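This is what each chain is made of:
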Amino acid sequence: MPDSRFFSRRGPFALSELAVLAEAELDAAANAARVIRDVAPLGSAGPDDIAFLDNTKYVSEFLESAAGACIASPAYCDRAPAGMNLVLSATPYRAYGLIAAAFYPPERAPEGRAPAAQIDPSAVLGDDVAIGPGAVVGAAASIGARSVVGPNVVVGPGVVIGDDCRIIGSATLSYCLIGDRVTIHPGVRIGQDGFGFAADSAGFLSIPQLGRVIINDDVDIGANTVIDRGTSSDTVIGAGTRIDNLVHIAHNVAVGRGCALAGQVGVAGSTTIGDQVMIGGQAGINGHLMIGDGARIAAKSGVISDVPAGTSEGGYPSRPVRDWHRQTIRLDQLARTRGAKDD
Amino acid sequence: MPDSRFFSRRGPFALSELAVLAEAELDAAANAARVIRDVAPLGSAGPDDIAFLDNTKYVSEFLESAAGACIASPAYCDRAPAGMNLVLSATPYRAYGLIAAAFYPPERAPEGRAPAAQIDPSAVLGDDVAIGPGAVVGAAASIGARSVVGPNVVVGPGVVIGDDCRIIGSATLSYCLIGDRVTIHPGVRIGQDGFGFAADSAGFLSIPQLGRVIINDDVDIGANTVIDRGTSSDTVIGAGTRIDNLVHIAHNVAVGRGCALAGQVGVAGSTTIGDQVMIGGQAGINGHLMIGDGARIAAKSGVISDVPAGTSEGGYPSRPVRDWHRQTIRLDQLARTRGAKDD
Amino acid sequence: MPDSRFFSRRGPFALSELAVLAEAELDAAANAARVIRDVAPLGSAGPDDIAFLDNTKYVSEFLESAAGACIASPAYCDRAPAGMNLVLSATPYRAYGLIAAAFYPPERAPEGRAPAAQIDPSAVLGDDVAIGPGAVVGAAASIGARSVVGPNVVVGPGVVIGDDCRIIGSATLSYCLIGDRVTIHPGVRIGQDGFGFAADSAGFLSIPQLGRVIINDDVDIGANTVIDRGTSSDTVIGAGTRIDNLVHIAHNVAVGRGCALAGQVGVAGSTTIGDQVMIGGQAGINGHLMIGDGARIAAKSGVISDVPAGTSEGGYPSRPVRDWHRQTIRLDQLARTRGAKDD
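Chains as they are written, first to last, in our numbering: chain A, 1 to 343; chain B, 1 to 343; chain C, 1 to 343.
Calculated directly from the structure, the hints in this document are not laboratory data. Everything numeric in this text was worked out from a predicted model, so none of it was measured. Hints are supplied without guarantee of correctness; some may be wrong.
Quick list of simulated restraints, FRET-style, between CB atoms [what the hints assert, rightly or not]:
id : chain 1 : residue 1 : chain 2 : residue 2 : range
1  : C       : Ala32     : A       : Met290    : 38 to 48 Å
2  : C       : Thr56     : A       : Ile329    : 31 to 41 Å
3  : A       : Ser4      : C       : Gly43     : 51 to 61 Å
4  : B       : Gly203    : C       : Pro81     : 20 to 30 Å
5  : B       : Gln333    : A       : His288    : 34 to 44 Å
6  : B       : Ser73     : C       : Pro308    : 54 to 64 Å
7  : A       : His288    : C       : Ile329    : 46 to 56 Å
8  : C       : Ala90     : B       : Pro106    : 50 to 60 Å
We put the CB at the ideal spot given by N, CA and C, even for glycine.
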């Protein structure tokens with residue numbers, strides 16, 4: 001059961017209600033009136049809990065689970081252990097998320113405007129904006145309705161934040177325009193100067209960075225991630241894109257809609273990433289490249305050339321995943337077969 | 001000599017006292033009453049200083065050092081230059097650490113509770129807790145005796161911090177339980193939402209993250225490292241584990257006791273790492289894996305399969321270190337021997 | 001045109017004035033009296049704007065640009081489209097930087113000393129120092145003339161900051177001496193304990209870290225980068241060096257003058273890096289190495305041996321770039337030619 005020091009539970013709900021919330025179907029054998037009081041993982045769920053099965057690694061836990069209900073693919077409708085009521089969904093994890101959000105709706109914190117916040121008199125705050133202690137809101141900044149600015153966040157002069165955003169804590173926003181329903185996790189840095197300089201024999205000369213960062217609606221940015229502003233055009237993150245922790249997005253990068261960038265990814269300057277692109281952890285993308293829509297880049301890859309839409313690449317320098325895997329196999333064979341002679 | 005603007009020296013100590021503190025033996029030829037006033041590196045130490053030799057790279061500096069005393073392995077007891085008194089230890093660096101801590105005990109800063117700190121009235125603070133300016137302590141948070149919460153740290157609602165902890169500055173703690181004697185360096189982010197979402201054709205749906213982060217006793221977490229809370233179970237860091245800077249620990253990860261994770265390591269979600277595991281810098285561990293007790297992962301490795309206890313792996317995909325090295329050698333041979341023909 | 005919410009434009013300037021500022025020459029066909037009102041990229045510039053051409057990727061944009069003026073290499077002096085006046089420079093990007101700084105000089109923010117800043121009475125502040133809200137300046141710290149300490153920055157006890165520095169926001173400085181004209185971006189952590197411990201069977205013993213961090217003049221440090229202080233000697237960053245975002249510099253590292261370290265680079269403890277060394281993104285340098293002056297390390301490389309001055313390396317383990325590229329080619333050939341038989 002989630003720790004009540006941190007999470008406030010709603011409910012209970014009848015199983016039939018949960019199926020509706022989850023946009024799912026009750027199994028024919030399920031008891032629609034069954035009362036469910038909480039969500040729980042398969043391994044610890046009891047008769048009052050609903051769990052989910054979304055990864056075949058956990059089928060054995062499913063088969064032994066004491067959960068009163070479980071969300072699963074219709075393929076499992078004959079395999080539920082005794083006492084388990086099934087909620088059937090082609091997307092069990094998504095269905096679980098909808099149900100879990102009914103039990104544990106997102107909380108707003110802080111409430112109101114902390115006396116210790118420093119809000120410039122020229123800043124414009126929408127209805128029901130909450131500002132935490134130690135937050136600093138600069139001149140002419142604008143924060144939309146119901147947005148929450150957490151403790152010790154710095155919102156620079158002129159920054160625009162849309163409605164229903166969560167800027168959770170200790171983040172720094174400058175030279176940026178942020179859409180609606182954006183979540184920014186602690187320690188995120190948006191809008192500072194990028195790595196922009198001209199080199200000559202006398203050293204480096206900083207180039208004024210005159211662009212902005214545009215964060216579109218429904219973006220989620222992980223803790224301690226850094227997004228630099230553009231040099232003359234803007235750095236842009238497309239709607240619905242998810243960025244994990246400790247990611248580096250350099251100046252002038254454009255990331256499309258619905259992308260997912262995993263932890264510690266780095267994208268060098270002026271690269272354009274299409275829509276629905278998936279990039280695995282610790283991958284690096286060189287500058288001035290085009291990554292096509294729907295491309296998938298494996299974790300730890302190093303991309304130094306354009307990637308066509310819809311393709312998957314891995315390795316360094318990255319290449320189609322099939323070629324990368326073949327290289328791995330060949331190298332392994334080479335190491336083994338010639339080992340006796342040369343070692 | 002350490003800069004007195006930053007470090008306050010205690011002492012002096014007789015060499016015999018230092019040997020006791022260091023759990024070491026005086027060399028038979030050493031002058032037990034010799035007064036030592038400071039620690040210093042071999043290269044700059046003078047007659048009043050004690051140095052140490054722990055790496056054979058520095059033997060030549062040892063042989064020419066003017067240090068009045070030196071901690072070294074018994075193997076060097078005949079090799080000290082004239083005027084150097086030896087303190088013999090099988091673990092010279094550890095012995096040095098104990099002596100250095102006698103001269104320079106850890107300082108507490110800040111002292112007291114800064115007027116500019118924002119402490120919720122429902123928070124429970126133990127004896128002699130220090131809270132720095134700009135720190136924010138949320139509702140029902142609990143901070144144990146003698147713990148220090150540095151400037152601009154944010155301690156979220158309900159967070160529990162044990163005794164004798166140092167939360168040094170500008171860190172953000174939420175949804176977490178922290179043991180005793182834990183050190184958290186600046187900019188650490190603990191407990192925020194992980195990269196948890198369900199994907200479908202309409203985009204990404206955030207899944208409520210209902211677990212916590214559990215940091216056990218004597219853990220040390222480096223600057224700007226990020227540890228996400230669990231999805232339904234907890235993210236756990238075992239007692240005595242050391243985590244370096246800019247490390248990414250995703251949701252539901254369990255790290256065992258006495259591990260060392262070097263800078264910029266990334267561990268993806270739901271992976272379990274055993275006890276006494278060593279992971280080199282910039283290595284990445286895929287999600288849902290088991291890394292056995294005592295395993296060693298080389299720097300920059302990419303681990304995509306379980307690693308058996310007690311083994312060492314390197315490369316990407318990682319494999320036993322011997323195989324990885326053989327691959328490196330073979331590839332090098334291949335590049336050289338066929339170079340003339342194909343270039 | 002740069003967003004006036006964030007940028008205040010000066011000017012206009014005659015083309016002849018701009019050529020002087022840019023240390024460049026007017027093309028013989030250019031109209032020296034032409035009035036220029038702004039900088040803009042080639043693609044969006046109009047008749048009142050000056051653009052630049054520095055990368056052959058953008059020649060086609062140059063040939064179709066409506067810019068009233070453009071900075072370019074003398075090689076393009078016959079190729080300007082009708083209506084474009086050329087400013088000729090062997091270093092067009094540098095010349096652009098000088099002109100852009102005339103239109104958009106760096107702004108100082110915040111001004112004055114915010115009432116919400118916590119400045120220890122024993123701190124020494126030079127003329128015209130600005131301290132933002134929520135900033136904390138410790139005992140006996142010293143901040144030089146005209147330096148700006150941004151919101152929520154923590155300057156630890158005894159820290160020395162030179163003249164004309166910009167500590168932009170939410171950074172944490174401790175145990176360090178900072179030169180003149182240094183820029184520190186948000187979330188930078190300087191001077192905390194490094195990953196310094198002795199291991200034995202009982203676990204890890206922290207070693208007192210008694211050195212400092214020395215940041216020399218004209219250094220620029222990117223957002224969320226971490227630089228640990230030395231163990232007994234100092235961690236040093238040489239004059240004019242540029243460090244990008246999310247870089248990890250471990251204790252006792254010495255980085256020379258005029259280096260550029262790209263995003264997410266990691267340098268392990270006690271390594272010495274010479275002058276004018278360039279290190280690509282996500283590269284890792286092992287500890288206790290010497291990287292010679294002028295060396296170049298490719299992105300994502302893993303360096304485990306000393307690198308001679310003036311050489312270029314890549315790969316992991318890194319080797320001369322030519323050998324690394326040959327390995328890549330050979331491995332690719334191997335995968336292709338033997339694919340049919342073994343798959």
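Discussion item. Of all the hints numbered above, which does this structure not satisfy? Sort the numbers upward.
Written reply: Result: hints 4, 6, 7 break, sorted rising.
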